[in-house]
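Participant: Residue strings, one per chain:
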Amino acid sequence: MGEDIRYRRERIDRGIKARTDTIYFLSNFRDILYLLLPRVLPVALLLLLPFLLKGGYWEKVLFYSCIFALLALSWDFMASVGLVSLGQALFFGVGAYISGGLNHYFKMPLSLTLPIATLGGAFLCTILLVSVLRLRGVYFSMVTLILPLLFAHLIETLNILGGTHGLLSLRPFPSSWVAIYLAIFAVVFCLFGFRKLINEDFGLVLRGIRDDDRVVMAGGINIYWYKAQAIFIAGAVGCFAGALMTHYYQFVGRSAFALDYTILPLAGAVLGGPGSFAGATIGTFILVPLSEVLRALGGLRMALYGIILIAALVSLPEGLFHYITRKYHQFERDVRI
Amino acid sequence: MEILIYGITNSITLALMAIGFSLTFGISGLPNFAHGAFYLLGGILTWIFIHQLGLPFFFSAILSILVVGVLGFILYWGLMLRLRGLAINEVIATLAAAIVIIEVLRYLGFSGFTYVLPEFVKGSIPIGNVWLDYQRIILVGIGIALIIFLYLFTHRTRIGLAFRAIAQNERTAISLGIDSDWTAALSLAFGSALAVIAGLAILPLGSIDTEMGYDILIYALAVGIVGGLESVPGIVLASFILGFAQILVATFFKAQWLTVITLAAIIFILAIKPSGIFGKYKELEERV
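Note that the protein sequences, when read in sequence, are chains Z and F. Position one of the first sequence corresponds to residue 20 (the numbering used here), numbered consecutively onward. Position one of the second sequence corresponds to residue 682 (the numbering used here), numbered consecutively onward.
So here's chain Z without its partners, still in its complex pose:
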């Protein structure tokens, strides 16, 4: 007993990185595989899943997962500019109502409603939020928390766009394959697109705004223009998700502005690890199927998201993805001291 042996955990990066996080020494096939596998495997799996599930209930779940993943990606993109949104339901609802309304009142085909809802919705959301771009931190979050509620109440009060009943019997997708592959391609495109974009010069400015907006201003950059662009991009993704969901359900109602579409993507992004986009996707792809399994709990599911959110914030603030990446890229061993 007497002597006190203590160990320290030592972490060593695998010898594959050259100087930075993005430049690698690739000397053999194994190293290439090592880098490619975590990128290609999930995407391949995602593309194959509709074949494996062959329609039915779990294909629906996959579709919902994609929709929520899109919302989570859009949340994460806004968060990486320092605009923490508590109202992804705003984007979702605006997109859903635009595509639903166009289809219901003007009988437009899907090939028109989807792009119009995506771009028009994003434009509308940007216009709405431009007036509060100057707000920082919690104040911006509060505006985004209130806006979807305001819209839901406005639709109810003015009895426009179907009022409390919503718009029924909208045009469905030609087949469920179209819907699901649109959703999957959108997720993959956004995931890798955002990851690329955030490392470009454009993304560098965005991250700079998050870290210290005054310094970026002092650098002679118009941060409002950048913030507006970021909201437009995030809004387009959110609105697209809303438009997809509308035509999938063939229905749009006030529930499009519900708290679910805010809290679930948020919980997914926080669980998976904000700032990496992959984390947000992983988080929602864990949470949505989980919530389907727990459907028997009924109303308690919302409570469960709350608990997961709190647990993730307190115990694993870096998120699942960062944790997994660290484990993947580093050796760990105990060293005697």
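If you are wondering where the hints come from, they were derived from the structure by calculation, not from laboratory data. Predicted model, so just to flag it, every value in this text is computed and none were measured. Treat the hints with care, as some may be off.
Per label pair, the in silico range of CB-to-CB distance [what the hints assert, rightly or not]:
| no. | chain 1 | residue 1 | chain 2 | residue 2 | range |
| --- | --- | --- | --- | --- | --- |
| 1 | Z | Gly239 | F | Tyr832 | 40 to 48 Å |
| 2 | Z | Phe208 | F | Leu842 | 42 to 50 Å |
| 3 | F | Leu842 | Z | Leu64 | 34 to 42 Å |
| 4 | F | Ile825 | Z | Tyr243 | 27 to 35 Å |
| 5 | Z | Asp230 | F | Ile855 | 19 to 27 Å |
| 6 | Z | Gly238 | F | Ile855 | 30 to 38 Å |
| 7 | F | Gln849 | Z | Gly75 | 37 to 45 Å |
| 8 | F | Leu762 | Z | Asp50 | 41 to 49 Å |
| 9 | Z | Val234 | F | Leu762 | 25 to 33 Å |
All C-beta atoms in this analysis are idealised placements derived from N, C-alpha and C, irrespective of residue type, glycine included.
On the provided structure of chain Z, position chain F as indicated by the hints.
Facilitator: Frame of chain Z, contents of chain F only:
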């Protein structure tokens, strides 16, 4: 006359809803988004104490105020302490806590006409040509008393001054010997207890509905934001503006516009002057 009387009672009701929230968020800088959930929980706990355990009203009221106060304290030590300084995470965590509380209560079915709290005094008296029940008069009394109490408490007592100090500059407060964690936890406990007091005064006017948990939060946010979070006169002014606006809208338009007006007021004030009508010292933090 009708508008005047209902306007005043409605305004004081709003002030009551907001007062606990303002104490924690405005005065000590802790966003307690579980405020509405605590309001609801307090009402339901009192109902349980009265109807399931058979305790007298007065005793169960005190008990639920204490229980929720302790819960507020636990919310700080268990949750917010770990996220202190990350304002956004504090908001997300307390909002999540609110959702957990409200959804569990909804699941347990604490909603509807069975769940009615007793009035303090039954009956009503005419004022001019308007019949006003005693409960509303008492409510106005409690509201005014609490507002005066809050003002004196935050300006005249050591602990009240400490509440304001940690919001204005936490480091300076620490260097002056204020235990900031202890003060913040106390502030959260006080705010939660105030939410229950407001609930006990307001809830007897109707039945308990779990949806209120979210509505109360919105009203509290509205009053706090419009008036300026840290200012007691601001709370009073904002509740009178919003209270009378609501009554006017309900009289001349339709009752559904109530919530729309409240929400629009929040966004309008946030867009033009985020620290509110009376807000002062957060000018540099809130916008660029």
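Participant: Next, verify each hint and record whether it holds.
Facilitator: Verification of the supplied hints:
1. Gly239/Z with Tyr832/F: 40 to 48 Å: holds, 46 Å
2. Phe208/Z with Leu842/F: 42 to 50 Å: For leucine 842/F against phenylalanine 208/Z, whose Cβ atoms are near 55 Å apart, the range 42 to 50 Å is violated.
3. Leu842/F with Leu64/Z: 34 to 42 Å: violated, 59 Å
4. Ile825/F with Tyr243/Z: 27 to 35 Å: About 44 Å separates the Cβ atoms of isoleucine 825/F and tyrosine 243/Z, which means 27 to 35 Å is violated.
5. Asp230/Z with Ile855/F: 19 to 27 Å: Roughly 26 Å apart at Cβ, these two residues keep to the hinted range, so it holds.
6. Gly238/Z with Ile855/F: 30 to 38 Å: holds, 34 Å
7. Gln849/F with Gly75/Z: 37 to 45 Å: violated, 59 Å
8. Leu762/F with Asp50/Z: 41 to 49 Å: holds, 44 Å
9. Val234/Z with Leu762/F: 25 to 33 Å: holds, 30 Å
Going through the hint list in order, the structure does not satisfy hints 2, 3, 4, 7.
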